[in-house]
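Visitor: Okay, here's what each chain looks like letter by letter:
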Amino acid sequence: MISVCFYFQVHQPMRLNQGYSFFDIGVGHDYRDEAANREILRKVADKCYLPANRLMLDLINEFKGKFRIAYAITGVAMEQFQEFCPEVLESFRELADTGCVEFIGETHYHSLSFLFSKEEFRRQVRMHERVLKEFFGVKPVTFRNTELIFSNALALEIEKMGYKTILAEGADHVLGWRSPNFVYQPAGCCKLKALLKNYRLSDDIAFRFSNQAWNEWPVNAEKFAGWVQAVAGNGEVVNLFMDYETIGEHQWADTGIFEFFRALPGAILEHPGFVFETPAEASARLDPMAQLDVPHFTSWADLERDVTAWLGNPMQDQAAELAYALEDRVLATGDHDLIATWRELLTSDHFYYMCTKWFSDGDVHKYFNPYETPHQAFITYMNVLNDLTLTVDGRLGNK
Amino acid sequence: MRVLMFGWEFPPYISGGLGTACLGLTKGLAGMGTDIVFVLPKLESGESGGHLTLMGANRVRARIGISEILSLRERVKVLEVLSPLRPYLTEKEYRSLIERDEFFTAQDILGEIENDFAGGYGDNLMAEIVRYSVVAAHLAASEQFDVIHAHDWMTAPAGIEAKRVSGKPLVVHAHALEFDRSGDHVNQKVYDIERAGFEAADRIIAVSHYTRDTIIKRYSIDPAKVTVVHNAVSKERRFGQMRITKPLKEKIVLFLGRITFQKGPDYFVEAAAKVLEKNPDVRFVMAGTGDMFPRMVERMAQLRMAHRFHFLGFVRGADVERIYAMSDLYVMPSVSEPFGITPLEAMVYNVPAIVSKQSGVSEILDSAVKVDFWDVDRLAFEILDILGDEARSARLAVKGAETLKKIKWEIAAEHVLNVYRELAGGAR
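Quick note, the sequences are listed as chains E and X, same order.
Residue numbers for the first sequence follow the working numbering, beginning at 1 and rising by one.
Residue numbers for the second sequence follow the working numbering, beginning at 400 and rising by one.
Please keep in mind that the hints were generated in silico from the structure rather than gathered at the bench.
The model shown is predicted, which means the values in this text are computed figures rather than measured ones.
Don't take every hint at face value.
Derived coverage of chain E by chain X (criterion: at least 3 residues anywhere in the stretch with Cβ under 8 Å from a Cβ of chain X; other residues may be distant) [what the hints assert, rightly or not]: (1) 17 to 26; (2) 312 to 325; (3) 375 to 381.
Quick reminder that beta carbons are idealized off the backbone N, C-alpha and C, glycines included.
Excised from the complex, chain X in its bound form (with noise of 0.2 Å):
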């Protein structure tokens, strides 16, 4: 089986858990005997890509010329009106940048292909992403595959593409919907591609029945064509055998991710404030940075919890793991998530998690605490119960090692495997 894989980010090259997921399930593939071609906007040196073949749409010297692009613009209609946008903006952010109204005329997009792609979600993103798909087209053309696989709406242009150029069948893989990321005020033009790409797809993968109900109800596609695979999580320990002395005596509480609308920190700040008046003996870290960070860290500030509320900023490398082995509890209070990865991460260093209902990763966690998002005094009450029970807290952690046992990216490999063997019949 080949396969024709486009997305986003590959680690080291990632900004959020997409590319991760990326790594483990393309190494799952390998590992089944799958040939993949994974082409990225921009191949840098060090990405970790010895069991694929990595292509960076940089490297990638399509001619193209400006009848291309406007004859493009026809095909996908949703390309008509472009602006940049990142797919991680805030509600506000987006509506500094749409208010800029910037619409890109095919001059700019033909501007754009000429410079080299900068990757990433800059503020040339539209751009990037019709240049991306011009790439698409062209190496459909002189690829052979069986089958093409898309991830998340960045790169569906380029899949619809490469579907147009090839016939070949369409995978597109839902890692994260626009209603995750904005609420109720999405962004009609990421919604319009998210949508196109649905439509064009000959399957869907979602990475969780979250996220599958969303595409059925919210992108009115039809619900045999979608298929769930969750993700799994990578056991390894880059730092295993690091050993990690706690300095503190109270037991610690952590949030790591994104400081943003979707993830849900002020519901973790808010619950603290709660949990410090029964127990003062408690320790709140809070790990990453976004656009609330400033309000979270006043909003503390104002609870008057300083003493034993920390923020740590973007950890990466082996503070990551070091924050999660020095924690007791995890806590992902999202507001909606499609999956989620770092319950399962945090389960890695035998931390119990508290997880928000809205999420992915609560269907595959029976172990696991679930929480509404929004549901601050139950969530205090949570972590003060499983702080306070030792026995509790041991079984959660015993529990959680066991679901890690089931959840390998070998079996969400197979699943894929499968849709691909479905789509494109005697390939093997």
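Okay, chain E solo, but in the shape it has when bound (with noise of 0.2 Å):
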């Protein structure tokens, strides 16, 4: 019996407001852009959480649990929904409901933590634990770093907190000749398992699936089928994960991308040997094949997998280290404003946007930066950081 796991990426970022200038600082504090942040997700929740739920939905129901599949919602995602449009959370919760899915826990703030700050690494993965269980009343028993980040070390650190699975890219510089398609078990653990993201069946479907130059185009279920199933044989879990907004936003309604989905699960079930199962479930089914050892980051994000698309030019490197060295004066403030705000800006698509390196993956990072440049990027972020360390010393002065 070979499982297909879905597991579908849900964030939203808390975009900054472009018009904070240096003037400000010292001065105001409005750091967010209300008014972007309200219509993104309005227009994403329409395009594509609102529908994209009620056909995950349609399909649980249709194929009475034989359809399952998990997501990774983030903190900063639910915040939002619960502001702007708490109708997408309901939809969630319905999801939740059925049995059939499972919530995969994260840093609440999708952050880079885990690189900067172990403490505050643990704080962000229990924060989202606990919301987890206070909208949809689970407790999460697989994890996935923020852009599926994974190294041992974290392996190893997210074993001791209490977690059975983690999932990670299928990285070619990790995997070689060996396959995604089957359980591992990070290097150092003994009980946490591994699953590797299938990048060329994911990103069929996430990046190309409307790709009319791809000699493979246009995919439908039955083809795409044909391809998991090709992995009879020669594994036993088929990975697929991605962006979940890949259906409808990404990925338009116009590209068929609806339809693809609609009848996946019925293409995939006509083979006999396959079966749908969340990340858990296949995990806690399979032994591990081989042991996985990633003693460097990697990740799921453009061609070098690895985090260079949020670390490594100056201007990453400078508003990281500032953001990250806040955070003892931050946290004795005991301001829960104020340490929220500081987490927001923790979140990693803030160093996204500085991102320099414009080759292969120039198109992707451009469709998701609201900023003109990188450098613009920067300077807004560090202007809205140095007021938050200006308030927050100010702050800590007075006590």
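Starting from two chains that each stand alone, build the complex the way the hints lay out.
Guide: Right, here's the structure in full:
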């Protein structure tokens, strides 16, 4: 029996107010671009979250428990749903109630915290657990770090925190000749299992689905199911990990993406050797095939599949260093609003916007970037962070 | 005295200090009873021309045929090879344009003339300069005037044409030279136009001795022909009564200008790092844009100063006054600055200034602190010293205010008027 694991990442960053200038530092704290956040969330809710959730609910009902999926919804996304679009949260709740959906744990703020502060990392993971409990009544047993950033050290930490399964990128430079279609055990772990993204099949949907220059275009459910089924005899689990926004937002409705997903479960289940399982279920059923040794960070971003989308150029490094340097002081204020604002600034997207490697993935970066240039992103971010720093220092000075 | 004046910029239609200088100078001249017809490539509504007659070349419908253009190209040799250029291009941009190797033909120019003027410094600048000179010849034949006055190289061909048609004396005013903009890697075509203008001129006005020396040395011009008239600064604070509250306790050191090679922004960034090593309680502000902007942002981040170094982008209107007023020290580290008005503007706000020795303005600023642009250690030392020494800082501000009293557009205008009188003889 080969299981097909769908896991969808749901994330929306809190975008910053690009009009926040040097002159505002020490004067105003109008950091968020509320209009853009609301507008984008509404737009994506209408194009993706609401219709896609409806589709998934229909499919789950139709297949009576045989269609199973997983979501990782970031805390920042949930907070924005609650504020701008509560019906989205409601529809996720309906999905949770089917019992066919797994909710995956991660850092609440979709942050790079593991790379900078283990304490903050743990706090954000626990925070996300609390929110999942509160919103959906579930306790996550599977973990996926921000943008599938992964390493041995992270796996070990996650095992210690009580998780059973971790998701990672099936990066070529880690796997070599090996297949992502088996369960692995991260080096140094004795219980935790790793599920690796089959990036070819995942990206066939996420990135190439509507690409007319692709020699396989157009792809329908039968064709794709055939590719999945070709794994038979050479794998135990096919992990299809992607942004949820693929459905209806990155791939618009007129590309046929909804029809594709509507037809896919039936097409895959036609082959008797295949089932849908959530990551937790697949990992509980299967034993690790081999050890996975990842001393350096990998991720699902860009061709490099490393952390250079967020860190590595001087602007990214400087901004991240200064943001994390504020940790002890901002926590010392005990002011929940200040701390929440600081954590919003830790969201990885801010550093992604400062990326200057515009090679093969420049188009992808541009699509998600509200700024004209990475330098503008850096300047806005620093203006905000500098003001927050002033506020924090002012607060501590008064204590 | 009636003057036919050619200029490429005029407030608010400006991209640099040239327009501001033209406004100040013409106001001064008008105050002394000079009638000025100021010809801009393009006139839009809103130019502040109450004290003179503004004329837009775009509104002059000269009848021009292809034979006139061909004969013009014979007369003005330097226009033989034309390529779209902008005066404030960087070396890199120059090269990419030159590599395109777009030579204009007479046909192209004729086509351009049928279009409207774009003004500014667009891709078709060279063609516009030629068209503008054709219009100048037309005006010179119909207008009454005693002297022709052309500002910078863009209007030099117009000045030459006007002089040819009318036989009146020509004054060429050098606000900036190709060597300022491009260092030693000058664009030959721009240089040739500048030089043709200087050679045709009966008198050259240089904005500083620094510029005069360059004209004499690099363009082989007879020193007797070159007069220095320093620029002045308008002391009007448009938002003068605005109360500036500064929310930051650290002292602020300001750079304001185009972020290009000529202005030396990289020396400012390097000096900031050295200052912060010694005194972390200083903030640096860089206002402006330019082709070196991304590099400066990245370098600043690399030097790990983002908590103390702020970029403002292009500032305009009230924000200009605000940032001057918030600052404790102004730095102009220009690599080559024919004049450089910003230190004077800073002094209007009682902000002491450090200027590079490679600037014209340093000639009239006895009180300002002067350093070589490349001497980052010295610059850092002076910044630290001035910020750390309240008495010295106050002394510099007071001296700055005294200097400002002596720097007036009326005085500059008087010098220019004297030049006119010498050239035009009996005209009053």
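Visitor: Decide, hint by hint, whether the structure agrees.
Guide: Against the structure, the hints:
1. 17 to 26: holds (count 5)
2. 312 to 325: Contact hint for the stretch 312 to 325 of chain E vs chain X: holds, 8 residues under 8 Å.
3. 375 to 381: It holds, with 3 qualifying residues against the three required.
Violation of the numbered hints given earlier is absent; every hint is satisfied by the structure.
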